[in-house]
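K.L.:
Read top to bottom, the protein sequences are chains D and A.
So for the first sequence, this note's numbering puts the first residue at 1; every next one is plus one.
So for the second sequence, this note's numbering puts the first residue at 1001; every next one is plus one.
Hints may be right or wrong, so weigh each one.
What the hints assert, rightly or not - In silico DSSO-like cross-links for lysine-lysine, where the CA-CA straight-line distance does not exceed 30 Å:
1. D/Lys276 / D/Lys344
2. D/Lys244 / A/Lys1070
3. D/Lys2 / D/Lys453
4. D/Lys244 / D/Lys2
5. D/Lys276 / A/Lys1037
6. A/Lys1070 / A/Lys1037
Said to hold, decoys possible - Calculated from the model, a selection of chain D residues having no Cβ within reach of chain A, i.e. all distances over 12 Å:
7. Pro124
8. Arg190
9. Asn218
10. Asp223
11. Ser256
12. Arg272
Claimed, not checked - Just so you have them, the derived chain A footprint on chain D, three or more residues with Cβ under 8 Å:
13. 49–61
14. 114–120
15. 299–307
16. 370–380
17. 399–411
No lab work stands behind these hints: they were computed from the structure.
C-beta atoms are modelled at their ideal positions from N, C-alpha and C, and glycine is treated no differently.
Chain residues, written in single-letter form:
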Amino acid sequence: MKRVDHVRASREFIADEKHIEFHDKRLWALRTLRDEAAHGIEEWEQLRSLASGIKEHTLTHLADYLEEFERNATSNGVIVHWAKDAEEHNRIVHEILSSHGAKTLVKSKSMLTEECAMREYLEPRGITVVETDLGERIQQLDHQRPAHIVVPAVHKLASDVSRVFSKTLGTDPDNSDVHYLAEAQRDATRPLILNAEAGMTGCNFAVAETGGITVCTNEGNADLSANVPPLHIASIGIEKLIPKLAHLGVFIRMLSRSALGSPITQYTSHFRGPRKGAEMHFVLVDNGRSARLAMDDFWYSLKCIRCGACMNTCPVYRRSTGLSYGGVYSGPIGVIINPTFDLKKYSALPFASTMNGSCTNVCPVKINIHEQIYKWRQIVAEQHDLPFVKTQAMKVAGKVLAEPALYRAAIKAADTAVAKLPRAFIYNPFNAWGKQREVPDAPEQTFRDWYLKNRKAK
Amino acid sequence: MSSRNTILASLRGTQRTPATLPEVPLFDAGLPPALEKFKETLAGMGGIWADRSTDGDLDAQIRARFPDAKVICSAVPEVAGTRRIEEVRDPHELNDVDVGIVRPRFAVAETGSIWLSEVQYQVNALGYLSQHLVALLDPADIVGNLHHAYHRPDFFAANYAVLMSGPSATADIEGVLIRGAQGIRSLTVLPAPRVRVSG
């Protein structure tokens, strides 16, 4: 696998001022809405602790809860399958579809099916897969993976969507009105849903006690996909388990508030058994999760409920887009999850962070994201996977920071340099801090000089 | 070994130190008055609270609200509509419905949600293929918050249950909010006390 170069991949996006400015503002607006919603709940911090505690309990008893879930789902009339990896998941889904003679699968958004590259598996085998979520559909028609786990096409402007839809749905290429574009997708999707032989959803929470799953969406597309065709398949990551129905209260109260700042998604749907005359299948997928649970430093990432709050708050994500992370998961959560799949391929991602810790602070299930990013950096450095410029710069920094006299001399020289050197020298390709930003003016005095003058003498 | 047993064995093999399961409180001290809070959050989610017309004629009020509606499909005894849900055999038959009428089992003040299952819908797609939905809600059926909602036994009897909060919505293009994404374009909630069997 080719190594993902996050910096290079983000360059094209950064070059376009209009896109980066909108992207940054839109995601920061979501972060602000999240804050307002969280501050409106007195027990917010208590909810975070409860959510983290419930998830840790479940993950440390996961085999037992999966068996309980399977037992209850089966007695509700659901057919339960187990897939150890992506390939087996895709094969199972294909077998279910072919045994029903299904040619069209309408589906709602699922990061797991992205992770399994399910569309790429099914389409050459004669199955038409239709993403019905608007953002996900835009990305499917543009042959891109979702750039965000909640708002998949957030990096696109209406004019980009207009370009994609005019080529694929036949809309007016000169019309970028958002209502017009959304209505065009609604009109184009409705007949596909009505004619589909099968529907698919992901799963936000799987409740062991009821044997049912909960799916949180806004557009109504998941409920259409699951309630119109006679066959419903749900792909479920095994880490989605929670023990009891009553625990849903904790997670549902925080999920959409963390994601979009709304108290709940428009639809919080609970599927426990098939409709009369219909069939329901659950596919429980491991695909690296049990291996991650065995990693002492990284198993906490399995608590993730995919709200995207860590992405919205991350200054690196907001200024580089999800696509530049080169994997299914992006932003801070992608930085810590992707390397568990393939460390070589994603060894640059742990460096796509300022280590400000904001991701950890907004995480509704209290994943120590920035600490895990730091741990990944250590592992990458130990395996000598750092790029040359970074290792050399770090070597020099190490020497300078270890010697107070050397450090003072360097600071003085740097302050003078920023003030006196020509721009071309400061904004050279080896100084990452000089890209897309101005290096601030140096203070007139160093802290040490100030201290010596004002305090030391007294 | 089957994939099932491989997965379970590798999960058990991790031998993580068992963490204890915390108790979840109901967080219901000092909740605001349920009906007022419900109206406020429903509006925030894009739903419409409509007071009853003075003559109490539900069919007439719904007709007046949706003057262009050709098909009004009712799943409640209080409204006749133009089509009875009992006559619908297959969800696909609901594609031409302009207005669907339902009665949620209960509602949640905190989130402005109404709770519907296959018992209330009879055909679940009524809540999604219809262009508009009208819900008859007994104000006495509103619970304070989601913790109370998730203690309701109704969930254990339903194969399908939804907490519906306003109409379908999307903000997937440039963050512009659109009410009426793939499902219903509007949700109207009308107060209508349930006929309670006494004795």
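K.L.:
Next, verify each hint and record whether it holds.
P.N.:
Evaluated hints:
1. D/Lys276 / D/Lys344: With a Cα-Cα distance of about 49 Å, the restraint between lysine 276 of chain D and lysine 344 of chain D is violated, given a limit of 30 Å.
2. D/Lys244 / A/Lys1070: violated, 44 Å
3. D/Lys2 / D/Lys453: Outside the cut-off at roughly 55 Å; violated.
4. D/Lys244 / D/Lys2: Given that 30 Å is the threshold and the Cα spacing comes to 43 Å, the pair is violated.
5. D/Lys276 / A/Lys1037: Violated, at about 36 Å.
6. A/Lys1070 / A/Lys1037: Outside the cut-off at roughly 34 Å; violated.
7. Pro124: holds, 24 Å
8. Arg190: violated, 8 Å
9. Asn218: Non-interface label fails for asparagine 218 of chain D: nearest chain A Cβ at 5 Å, not farther than 12 Å.
10. Asp223: Incorrect as stated: the minimum Cβ-Cβ distance to chain A is 5 Å, not above 12 Å.
11. Ser256: Nearest chain A Cβ is 9 Å from serine 256 of chain D, so the label is violated.
12. Arg272: violated, 5 Å
13. 49–61: As far as the stretch 49–61 of chain D goes, the hint holds, because 9 residues have Cβ atoms under 8 Å from chain A.
14. 114–120: This one is violated; 0 residues, fewer than the three required, reach chain A with a Cβ under 8 Å.
15. 299–307: violated (count 1)
16. 370–380: violated (count 0)
17. 399–411: violated (count 0)
Hints 1, 2, 3, 4, 5, 6, 8, 9, 10, 11, 12, 14, 15, 16, 17 from the list above are not met by this structure, while the remaining hints are.
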